[in-house]
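Visitor: Sequence:
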Amino acid sequence: PDTPNEDIREYLPRQFGRLRFLEGTPADRVAHPEKAAPLRMAPETIIYPFGSNLSQMEAVDKALSNQLSLIEGPPGTGKTQTILNIIANLIMQDKTVLVTSPNNEATKNVFDKLSEEGFGFIVALLGRRDNVKAFVESQERAYPPALAEWSLSKKKQAALGESIRKNTVVARDLYTRKQDLAKQETRLQDLELEYTRFMESNVTQSLRRRRRSTSKRIRAARDLVGTLSANEGELTFADRARIVWAWGIGTWHDFDHVTVDTEINLNRMLFEAQIDECKAVIKSHKTYIKMHRGEGRLEDITSKSKRLFEAKLYERYTKRLRSGRPHFDNPWDEPFAFRAEYPIITSTTNAARNQIGRQGDLFDYVIIDESSQADLVTGFLALAAAKNAVVVGDSKQLPCVIDKEEARKARPLFRPSGLPRRYSFVDNSLLDCLNACKDQSGLQAPGTLLKEHYRCHPDIIGFCNQQFYDGELIIMSDNKGHEASEVLSCNISKDLNYDRRADFNRVQAGAFEQEVLPGLKKRFKTEQIGVVSPYCKQVEGM
1 PDTPNEDIRE YLPRQFGRLR FLEGTPADRV AHPEKAAPLR MAPETIIYPF GSNLSQMEAV
61 DKALSNQLSL IEGPPGTGKT QTILNIIANL IMQDKTVLVT SPNNEATKNV FDKLSEEGFG
121 FIVALLGRRD NVKAFVESQE RAYPPALAEW SLSKKKQAAL GESIRKNTVV ARDLYTRKQD
181 LAKQETRLQD LELEYTRFME SNVTQSLRRR RRSTSKRIRA ARDLVGTLSA NEGELTFADR
241 ARIVWAWGIG TWHDFDHVTV DTEINLNRML FEAQIDECKA VIKSHKTYIK MHRGEGRLED
301 ITSKSKRLFE AKLYERYTKR LRSGRPHFDN PWDEPFAFRA EYPIITSTTN AARNQIGRQG
361 DLFDYVIIDE SSQADLVTGF LALAAAKNAV VVGDSKQLPC VIDKEEARKA RPLFRPSGLP
421 RRYSFVDNSL LDCLNACKDQ SGLQAPGTLL KEHYRCHPDI IGFCNQQFYD GELIIMSDNK
481 GHEASEVLSC NISKDLNYDR RADFNRVQAG AFEQEVLPGL KKRFKTEQIG VVSPYCKQVE
541 GM
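In terms of the working numbering, the sequence shown opens at residue 1 and continues consecutively.
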């Protein structure tokens, strides 16, 4: 609602009543997913002033070359960083951008990140009327002093663009290798742990292994021996010759009698071969990255991209540097002039349509963050506010919360509509609906999973990776010498009965205070400990 006292039942119908047309917007694509998507070429030079990795590059590519694209990924994979790079490229093309989310924190996060790099002056924090009022009253009358120093000749800009294009080609290869390097390091850690446990629980004999005895050949030999030992069979002369002479596994007499012990010995050899191969790949990747000045080249792309972005902003505002920044008492009275001054506007999803002004001038792009928490009604309004859309979120995170009373009233309204279940307001968030449209109706909205994770301890994100992301994430973080038992543990209360005198679980609160907290306080300062509960009363009670 525009005001705290405005009823949502009046506000949303009025917003939908203002929809003059949908044709050609991302909202139209969602309503009619069978429609063909317009083709578009990505710009010749794509910049990455906020850093990047392979998944993020792919996401930026798809966002710039498609009317509608999806970006998913858990925390720590750089969703905000990707949004910032998309914004930078759109500004390079003189596009206007509406950044929305179901809550103000996500959009403010984008503003804060831009401000940290000195670019916050191109953003207008709007949305609700109180946000608009605060923005109008706090408008800066001058541009940041650094802007005057961002001038760059066309010749130097062209040279920077050419350098970025060439380095990006190499960077994609470097990023591919860095991805595989992270995978191999995780695999090596797992293999070494399994090998240690295997050696602790088995008595083995070391078999002779030659260079040609690869893990693939050892596994084939192990499987053959395992089948024969279970059926009390013996190796044929041909199989024995292939294993020993062709594959370089053991000696002739190691296979005089095929037993379970032979299979165990081959298992040991298989572990050792896999560990050696893993180490060889890791060494190869590290050598290649160092030889091609990997880290330096990636930093070079970032710094040159930022310089090119700065030059673009200088050109955009140079004519007004001396006269000072214009002041807008009402952003919607002069939408074209306002967007020329503030090409990035932020808003919550339910106020997104308000930002197009009275004349209904669509933004070039809308970026919807936290889309798994955006309900279908307000999310649709946001998609109707622009010509193109990038929808960002994570279907594995907190879902959109629908009030029980709202859900009770909404269900009977949906039943007679005859619409597919994917359009049910109660059952689907905006992101759920879009993914269902892709799967069921062929909606052309290419998606990207941001795979590289940099934030959590490897064992914490490793659990999430296996439990929720089908092992698709690539763990780039370091354990910093901390074992899994130090960073991830579970304490289960024996008695889950609630204390009837209060609205919170005193038993769990007591268990936390007496069993969990003392151990944490030995390792961390009090201000370093966070406690999370789904229930406010539980937090207050604890």
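Derived from the structure by calculation, the hints contain no laboratory data. Take the hints with a grain of salt, since some may be wrong.
Cross-link-like lysine-lysine pairs, in silico, DSS-like; alpha carbons within 30 Å at most [unchecked claim]: (1) Lys35 <-> Lys166; (2) Lys156 <-> Lys113; (3) Lys537 <-> Lys404; (4) Lys404 <-> Lys95; (5) Lys95 <-> Lys183; (6) Lys319 <-> Lys113; (7) Lys154 <-> Lys304; (8) Lys438 <-> Lys404; (9) Lys95 <-> Lys283; (10) Lys279 <-> Lys216; (11) Lys387 <-> Lys438.
Label pairs and their computed distance ranges (CB to CB) [what the hints assert, rightly or not]: (12) Arg506 <-> Arg297: 21 to 31 Å; (13) Gly324 <-> Ser115: 15 to 25 Å; (14) Thr526 <-> Gln205: 26 to 36 Å; (15) Gly324 <-> Gln359: 20 to 30 Å; (16) Arg316 <-> Ser489: 34 to 44 Å; (17) Val169 <-> Ser395: 24 to 34 Å; (18) Arg212 <-> Pro420: 50 to 60 Å.
For clarity, every value in this text was computed on a predicted model and none was experimentally measured. Virtual Cβ for every residue (Gly too), placed ideally from N, Cα, C.
Visitor: Indicate, hint by hint, whether the structure satisfies it.
Guide: Verification of the supplied hints:
no.	hint	result
1	Lys35 <-> Lys166	36 Å, violated
2	Lys156 <-> Lys113	27 Å, holds
3	Lys537 <-> Lys404	19 Å, holds
4	Lys404 <-> Lys95	40 Å, violated
5	Lys95 <-> Lys183	38 Å, violated
6	Lys319 <-> Lys113	26 Å, holds
7	Lys154 <-> Lys304	14 Å, holds
8	Lys438 <-> Lys404	28 Å, holds
9	Lys95 <-> Lys283	45 Å, violated
10	Lys279 <-> Lys216	16 Å, holds
11	Lys387 <-> Lys438	19 Å, holds
12	Arg506 <-> Arg297: 21 to 31 Å	58 Å, violated
13	Gly324 <-> Ser115: 15 to 25 Å	20 Å, holds
14	Thr526 <-> Gln205: 26 to 36 Å	55 Å, violated
15	Gly324 <-> Gln359: 20 to 30 Å	27 Å, holds
16	Arg316 <-> Ser489: 34 to 44 Å	53 Å, violated
17	Val169 <-> Ser395: 24 to 34 Å	33 Å, holds
18	Arg212 <-> Pro420: 50 to 60 Å	57 Å, holds
Violated hints, in rising order: 1, 4, 5, 9, 12, 14, 16; the structure is consistent with all others.
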